[in-house]
Amino acid sequence: MSSEELKQPALTVKNISKRFGGIQALQNVSFNINKGEVVALLGDNGAGKSTLVRCVSGIHPPDGGEILVNDQQVTVASPQDARELGIETVHQDLAVIPDFDIAANLFLNREILHKNPLLRLLGWLDNKAMREQAQISLQRLNSKVPDLTEAISRLSGGQRQAVAIARAVNSGADVVIMDEPTAALGVEQSAQVNELINLISSQGVAVLLISHNMQHVMETCDRAVVLLRGESIANVKISDVTPRDLVGFITGAQRLTA
Amino acid sequence: MTMRFLTIFLAFLASISAVSAAELRGPLGNPATPVSGIALSDSERQTIRQGGYKAALVWHGSSTWVNALTAGAKAAFDELGIRLVGQTDAQFDPAKQASDLENVMALEPDMILTLVIDGASVKSSFDKAVKAGAELVLLSNPISGYQPGREYVGIVTDDMQGMGVAAAELMAEAVPGGGNIGVIYHDADYFITNTRDRAFMNAIDSGEHGAFSVKAKRGFTKESETSSIASAMVLQYPMLEAVYVSWDAAAEGVIAGLRAAGRPDIKVITHDLGVNNLVDMAMGGNLYASVADRPYEIGYAMALLGAYGILDKPAPAFSVVGFDKVRRDSIAQVWQSTYHTPLPPLLQRALQQ
Amino acid sequence: MLPPEKLNKHAIANAFLRREYFVYYVFILTLLFFTVTLHDVSFFSVTNFMNVIRQTTPVTIMAIGLTFALAGGHIDLSIGAVVALAALVAALLLQMVPVPVAVIGALMVGVAVGLINGLLIEWLKVSSLLITLGTMGVITGVARQLTNLESVPIIEPSFNFVFGSGSFGPVSVLLLWTLGIAALGYLLLRKCRFGRHLLAVGGNEKGARAMGISTIKVRIMALVLASSAAALAGLLYAGRLHGARYTLGEADLLTVIAAVAIGGTSLFGGRASILGAVIGSWLMGLINNGLILSGFSTNEQMIARGVILVVAVAIGVKEQQK
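Residue numbers (this note's numbering), protein chains in the order written: chain A, 1 to 258; chain B, 1 to 353; chain C, 1 to 322.
Hints listed in this document are in silico derivations from the structure and should not be mistaken for laboratory results. Every value quoted in this text rests on a predicted model; they were computed, and no experiment measured them. Please note that a few of the clues may not be correct.
[As the list claims (entries may be wrong)] When the alpha-carbon atoms are kept at most 25 Å apart in a straight line, the in silico BS3-like pairs for lysine-lysine are as follows:
1. A:K14 / A:K237
2. C:K125 / A:K128
3. B:K123 / B:K96
4. B:K74 / B:K96
5. A:K115 / C:K125
[As the list claims (entries may be wrong)] Far from chain C, by Cβ distances over 10 Å, these chain B residues were calculated:
6. L40
7. G162
8. G177
9. A261
[Stated by the list, open to error] Covered stretches of chain C (chain B as the covering partner; in silico rule of three or more C-beta atoms under 8 Å from a C-beta of chain B):
10. 36-47
11. 151-165
12. 201-213
13. 234-242
14. 290-301
By construction, the Cβ of each residue, glycine as well, lies at the ideal position given by its N, Cα and C atoms.
Chain A extracted, bound-state conformation (with noise of 0.2 Å):
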């Protein structure tokens, strides 16, 4: 028993299944996240993580099972539903739009709209409101990018991963997926992805990080829930475990249900 069940749960799956096809992609795949946690899924090529991602994230609901958000049972049927219950995802293809600017990435689907009521009804935009809010948020988390009118396409790796990161965190999300953050990135953005990961938990989100990268698993989250040929077969505390034991969970050689 670890004190895990002292905190409170930001977001709870209860017995997620799905199928597509012959295929069973999820079977009964239950853990929560705590706020302020960074949580490892993990799993092998296939073991239905992306899945799982999917299903949270609204893009594929889930055949079975529930999913709570703040203990409250909720229903996510679209990508937009995810949003607005505060579930944030930031995909591993960033889901940025290249020729648009920082600030207009950051609030995309948020868009500040203007104050006069009629251009409102319009959808006219605030661009002036959208710059000063995305400088706060990026100042918030200590991001160094450069002009906000700056188009994505021309900021490096690094970069984009933070107006990623920034724009889930931006939008108030209580929970935030990040699918491989540092996949593409070379060490020294890496490490400034993680120091970006430690600040949004210290901030209280709940943090559901995939990724293959065992040193980062170790330095940046506190639990791993393991799935193997989609099935939950392990949900660890990551100061009781090395980075063997986690490999070996990964390729199914050991098995532990927590």
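Please build the complex by placing chains B and C on the supplied structure of chain A, with the hints as guidance.
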């Protein structure tokens, strides 16, 4: 009516231009005979009616002009108890016309009335039709190597030469004694428009109709271009008093251009009948007069020629249908002889104003 | 991050070489070229420029509409056919109902076609190229059927004045239409949430969807705008020509696509310029006008127009690849 004017077999062009422009002759040098000579006796009509024959129309395109053509042919078919079994529109594509003809042949028509788009490329399809025993009646364009009375019954056509000259006469009426004019001609290889345009130019150049000076001469290939051409023309040559343009739909753009340039004084002469321009004419706009052919009469005559073929009656090789000059006062009457349909209500109203 | 001085140098060079600006250079060069070579034939005159505007306005309006479709990653080949159908519907309705009703009726043709195009594309998940190729055929057929190929005159003076034939002094109403629609298009694309979502969908469809944007709704809306603009273009043709016929707009599709592409809008979505589309269409009109005034034969004009187009597109595309 964009392009009822067709590319023509080169030999035809050559033979036409070889003959003096004064008289229209058929592709094989046959003199033109007026279509009024085509008629059937009562007993001949009886024979046809009893035969229960079938006919097919293999047209080149579709337009109000083709509609009138079809209406004329149908009127004759009704009188003669001939059943119309098939009708096609090749959309100006010779390849489509070839397959249209093959499809129609499955219906085993006894006669085929057609306007051949390209006499060379559809020949093999027509060979099969001739072999199957169908009587062929052609509109304007010949088929290479075919002889009247052998492969086909005869050709019926407009008096394009006469129409061009008539346009020049109308020009002399619009600008008495002559003056400065512009010419917007069809710059593509289409026998009908080329012949009319050339006849107009020759008549103007001859000086018989007055002292005309052609200040500007511009070609077009698409109707949509004429508005820009007319605008540029009056900008460059403000002294113009009248403009000739190849046909009605192309004249619409010219009139719009003149209207925009604020030149209601410049008169327009053209060929064919279209409601839009006739309304302009009726309301005292730029269009002064037009020369209209008689598609209904052509269709009717072609159907009768088909019957000639069935009866093996000697037929004129090259028949010509007349035309009408259309001025404001004759709109209603010419509309009737051209299309055999009632005057469109809007045009009627415009005439009453 | 680049050091500031290096950034500046790049920024200045890039600012001038940006593909978005390319069309303006070509436009100015063409203008200068014709002004010099045609100085004796009133090329550089208010009357002539108004001629160009008047002739080009329907194409400009269609180009603005198509910019929206392309911004979202769709092409719309049916716009030329919509021009004819909307013009005919307006001309027919004008014989029965008051002007505003007829105008709305004609614009509804555009809205309906856009909805049908959009729904078919999104439901069948077939490329817009194929769907609109099909609807283009259907609409052309309906337009031909509607009046059995007869043209329909319009003798309603107020309609003709407002939709093309009117002018205030030397200023044609068509110039006002161009400016008005261009301003509307610009604001919608650049200043409103819809435009931003549309460009997001065109720039990264999966990303936009992951951020909760309804890509289907946004794209259908864009197609409705494209064909509504075409319907308006049909009204403007009808008002200028005092009548409608089924051939209206049939020659415009390629000119419109060329104008939009030269103007800097990507044919694959995500990048769009309303001002570029306007200038692009004026460029096409200017070239046409200059070549006519220069007294070239029809064949020579075709060759010259083709060469200018190829050169313009080649430079534009090369710029895009940088």
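Comparing the hints with the structure gives:
In summary, the hint linking A:K14 to A:K237 is supported, as the alpha carbons are separated by about 19 Å, within the 25 Å threshold. Among the hinted pairs, C:K125 with A:K128 is inconsistent with the structure: their alpha-carbon atoms are about 38 Å apart, more than 25 Å. Between B:K123 and B:K96 the CA atoms are separated by roughly 13 Å; this keeps the pair inside 25 Å, and the hint holds. For the suggested pair B:K74 and B:K96, the alpha carbons sit about 23 Å apart, so the restraint of at most 25 Å is met.
This hinted pair does not check out: A:K115 and C:K125 have alpha carbons roughly 38 Å apart, beyond 25 Å. For B:L40, the requirement that its beta carbon stay farther than 10 Å from each beta carbon of chain C is met, with the minimum near 30 Å. Distance check for B:G162 against chain C: the nearest CB is about 26 Å away, which clears 10 Å, and the non-interface claim stands. Non-interface call for B:G177 relative to chain C: holds, since the shortest CB-CB distance, roughly 28 Å, exceeds 10 Å.
Its closest Cβ contact with chain C, about 8 Å, brings B:A261 to no more than 10 Å, contrary to its assignment away from the interface. Counting residues of the region 36-47 of chain C whose C-beta sits closer than 8 Å to any C-beta of chain B gives 4, which meets the bar of three, so the coverage hint holds. Beta-carbon proximity to chain B at under 8 Å applies to 5 residues in the region 151-165 of chain C; the threshold of 3 is reached and the given coverage holds. Judged by the Cβ-Cβ criterion of 8 Å, the region 201-213 of chain C is not covered by chain B as claimed, because only 0 of its residues qualify and three are needed.
Under the rule that three or more residues need a Cβ within less than 8 Å of chain B, the assignment of the region 234-242 of chain C holds, with 3 such residues. For the region 290-301 of chain C, the assignment as covered by chain B holds, since 5 residues bring a beta-carbon within under 8 Å of that chain's beta-carbons and 3 suffice.
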